[in-house]
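Engineer: Chain by chain, the residues run as shown.
4 protein chains.
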Amino acid sequence: MSKQQNYSELTDFPVVIQIPVQWGDQDLFEHVNNTIPIRWFESARLVYLERCGLSELMATQRVGPILASMTADFRRQIRYPDSVHVGARITGVGHTSMTMEHAIVSQSQGATAVQGVSVVVVFDYEAQRPVPIPDGVRSSIEKLENRSFP
Amino acid sequence: MSKQQNYSELTDFPVVIQIPVQWGDQDLFEHVNNTIPIRWFESARLVYLERCGLSELMATQRVGPILASMTADFRRQIRYPDSVHVGARITGVGHTSMTMEHAIVSQSQGATAVQGVSVVVVFDYEAQRPVPIPDGVRSSIEKLENRSFP
Amino acid sequence: MSKQQNYSELTDFPVVIQIPVQWGDQDLFEHVNNTIPIRWFESARLVYLERCGLSELMATQRVGPILASMTADFRRQIRYPDSVHVGARITGVGHTSMTMEHAIVSQSQGATAVQGVSVVVVFDYEAQRPVPIPDGVRSSIEKLENRSFP
Amino acid sequence: MSKQQNYSELTDFPVVIQIPVQWGDQDLFEHVNNTIPIRWFESARLVYLERCGLSELMATQRVGPILASMTADFRRQIRYPDSVHVGARITGVGHTSMTMEHAIVSQSQGATAVQGVSVVVVFDYEAQRPVPIPDGVRSSIEKLENRSFP
Numbered sequence: 005m006s007k008q009q010n011y012s013e014l015t016d017f018p019v020v021i022q023i024p025v026q027w028g029d030q031d032l033f034e035h036v037n038n039t040i041p042i043r044w045f046e047s048a049r050l051v052y053l054e055r056c057g058l059s060e061l062m063a064t065q066r067v068g069p070i071l072a073s074m075t076a077d078f079r080r081q082i083r084y085p086d087s088v089h090v091g092a093r094i095t096g097v098g099h100t101s102m103t104m105e106h107a108i109v110s111q112s113q114g115a116t117a118v119q120g121v122s123v124v125v126v127f128d129y130e131a132q133r134p135v136p137i138p139d140g141v142r143s144s145i146e147k148l149e150n151r152s153f154p
Numbered sequence: 005m006s007k008q009q010n011y012s013e014l015t016d017f018p019v020v021i022q023i024p025v026q027w028g029d030q031d032l033f034e035h036v037n038n039t040i041p042i043r044w045f046e047s048a049r050l051v052y053l054e055r056c057g058l059s060e061l062m063a064t065q066r067v068g069p070i071l072a073s074m075t076a077d078f079r080r081q082i083r084y085p086d087s088v089h090v091g092a093r094i095t096g097v098g099h100t101s102m103t104m105e106h107a108i109v110s111q112s113q114g115a116t117a118v119q120g121v122s123v124v125v126v127f128d129y130e131a132q133r134p135v136p137i138p139d140g141v142r143s144s145i146e147k148l149e150n151r152s153f154p
Numbered sequence: 005m006s007k008q009q010n011y012s013e014l015t016d017f018p019v020v021i022q023i024p025v026q027w028g029d030q031d032l033f034e035h036v037n038n039t040i041p042i043r044w045f046e047s048a049r050l051v052y053l054e055r056c057g058l059s060e061l062m063a064t065q066r067v068g069p070i071l072a073s074m075t076a077d078f079r080r081q082i083r084y085p086d087s088v089h090v091g092a093r094i095t096g097v098g099h100t101s102m103t104m105e106h107a108i109v110s111q112s113q114g115a116t117a118v119q120g121v122s123v124v125v126v127f128d129y130e131a132q133r134p135v136p137i138p139d140g141v142r143s144s145i146e147k148l149e150n151r152s153f154p
Numbered sequence: 005m006s007k008q009q010n011y012s013e014l015t016d017f018p019v020v021i022q023i024p025v026q027w028g029d030q031d032l033f034e035h036v037n038n039t040i041p042i043r044w045f046e047s048a049r050l051v052y053l054e055r056c057g058l059s060e061l062m063a064t065q066r067v068g069p070i071l072a073s074m075t076a077d078f079r080r081q082i083r084y085p086d087s088v089h090v091g092a093r094i095t096g097v098g099h100t101s102m103t104m105e106h107a108i109v110s111q112s113q114g115a116t117a118v119q120g121v122s123v124v125v126v127f128d129y130e131a132q133r134p135v136p137i138p139d140g141v142r143s144s145i146e147k148l149e150n151r152s153f154p
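Protein chains in written order, with the numbering used here: chain A, 5 to 154; chain B, 5 to 154; chain C, 5 to 154; chain D, 5 to 154.
In short, the hints are calculated from the structure, not lab data.
Any given hint could turn out to be false.
What the simulated footprint calls covered on chain D by chain B, stretch by stretch (three residues with Cβ under 8 Å from a Cβ of chain B suffice, anywhere in the stretch; the number is not a length) [what the hints assert, rightly or not]:
1) 49–56
2) 88–101
Across the chosen pairs, the derived CB separations fall in these ranges [what the hints assert, rightly or not]:
3) B:S112 <-> D:G57: 32 to 40 Å
4) D:S144 <-> C:K147: 37 to 45 Å
5) A:V135 <-> B:Q132: 44 to 52 Å
6) A:N150 <-> C:G57: 33 to 41 Å
7) B:Q132 <-> D:G57: 44 to 52 Å
8) D:S12 <-> A:Q132: 43 to 51 Å
Only part of the chain D face toward chain C is listed, based on derived beta-carbon distances under 8 Å [said to hold, decoys possible]:
9) Y11
10) E46
11) G68
12) S73
13) M74
14) A76
15) R80
16) L148
17) E149
Even for Gly, the Cβ is constructed at its ideal location relative to N, Cα and C.
The task is simple: from the sequences and hints, build the whole structure.
Structural biologist: Structure follows, in structure tokens:
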């Protein structure tokens, strides 16, 4: 898993996962269907949220992430066979929400193929409403990103 | 299929399709996973692109749509069982690209659950580059939208 | 939803659901990918299991269905655009498991495209082991199938 | 990719691929949804079919594989996080079809979680009918399996 360090596009992403492209990820246009990078974004996001303590909160208190919005820029087509490196980093932390950036690097092309931004809200699934980001989660994020979010 | 006319949110969408929510569309957070509305956007988009002649061009000349970017705003959680009404309309037409708006109305909630915007480029899949929007496609869009795009 | 009664292949299925084929359900071979009918089987199965009381048991006691095995026979290719009618019926009831048959009729072809059989075990998700089929579930199945399972 | 050699269950499979479990592969029952192993079967199947020359035939002559039937036995639940090793081998070759066995080993459990059998027909997509397995494909399979199929 250290190979992804070669991708300068992913240097600033504390979380990078690697996923092989599956043949069935492609659609009739002979490239990876647009829903697949959204799944890859999610996979990297969940790893990030586990590292900053949100997944544990979900298990114990039913307080967890909910996706408020998302963007995706498709810059290069991805085709099978290939493997992608998917980065996640947090660039903003508000009262109840945080902004996460995603980048997907195609290994065979050696370049960023998809970029995106997610807004994740910390959500009380019992009460069905947003809650303030817990201090422990906030400080974990600051440690992961090596900066503070005022 | 005339029932969707009841949804005032979808009045201005020339294309509206209806899709049942499947149980397996849901994830561990007990609502429809974020990749599913992206698939529904696509389904409505393809119906629109067929109506304005782009699908036929793809079959005959390998000139077809390619998704350049996408946004999605998740306003309400969708749960099984439910049925969604998915609208697509074009709000901007450029030289080689067009802007399409999507709205997903949850039937059980009677309200818009997800909104989004796609930028679709007309693409020559043989030459692998954007091409100008054909006049026939442009005029079909103007007819569908009942307006002109200068 | 009464139109499916026209399909003689589905006459003996107490549960029949209708689902539109989505463009993105297709793969590079220009027909619906083999994972999609498996999702449709599941959707009809869950409707059936709700009708016979298993879904409620899951919500209240964490006793629910688990899939032990599955077969699928792909008899006809399905293509977009189309709509499928998906039937589920139970043909065998054992101590802790039941045998369910599936059939998928393509509306445009007017013929069965996929058939399959699932073995569903009643499972205590807390204890992580099979449990005997509750009497209430068994009698609901017999009522739905209009026969007894000795 | 040599680590999978440790799995004795996969010793006799000439094709073994490794795929990480994604969080979103799970459903409400908190394990990997039954459609996901079917996708993994397919991914290993396509690698196998590429190795025995069928993928190239598809590209040049529109002669390729079509899935006639499939079985799956779900022996253990798979959960995120995990990684699976997916094997494919051919155990029978007929006139126009071949029988392929699949096994999915969960890395975290160190045991086979899903097994299955696919029947793959060699199909002329232009003429829409089965064709005899080309001699070159047959001999490639025999080489991969280190045996003959009379």
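Engineer: Give a verdict on every hint.
Structural biologist: Hints, one by one, checked against the model:
{"no.": "1", "hint": "49–56", "verdict": "violated (count 0)"}
{"no.": "2", "hint": "88–101", "verdict": "violated (count 0)"}
{"no.": "3", "hint": "B:S112 <-> D:G57: 32 to 40 Å", "verdict": "51 Å, violated"}
{"no.": "4", "hint": "D:S144 <-> C:K147: 37 to 45 Å", "verdict": "55 Å, violated"}
{"no.": "5", "hint": "A:V135 <-> B:Q132: 44 to 52 Å", "verdict": "48 Å, holds"}
{"no.": "6", "hint": "A:N150 <-> C:G57: 33 to 41 Å", "verdict": "54 Å, violated"}
{"no.": "7", "hint": "B:Q132 <-> D:G57: 44 to 52 Å", "verdict": "27 Å, violated"}
{"no.": "8", "hint": "D:S12 <-> A:Q132: 43 to 51 Å", "verdict": "49 Å, holds"}
{"no.": "9", "hint": "Y11", "verdict": "22 Å, violated"}
{"no.": "10", "hint": "E46", "verdict": "7 Å, holds"}
{"no.": "11", "hint": "G68", "verdict": "7 Å, holds"}
{"no.": "12", "hint": "S73", "verdict": "5 Å, holds"}
{"no.": "13", "hint": "M74", "verdict": "5 Å, holds"}
{"no.": "14", "hint": "A76", "verdict": "5 Å, holds"}
{"no.": "15", "hint": "R80", "verdict": "11 Å, violated"}
{"no.": "16", "hint": "L148", "verdict": "22 Å, violated"}
{"no.": "17", "hint": "E149", "verdict": "23 Å, violated"}
When held up to the earlier numbered hints, the structure conflicts with 1, 2, 3, 4, 6, 7, 9, 15, 16, 17 and fits the remainder.
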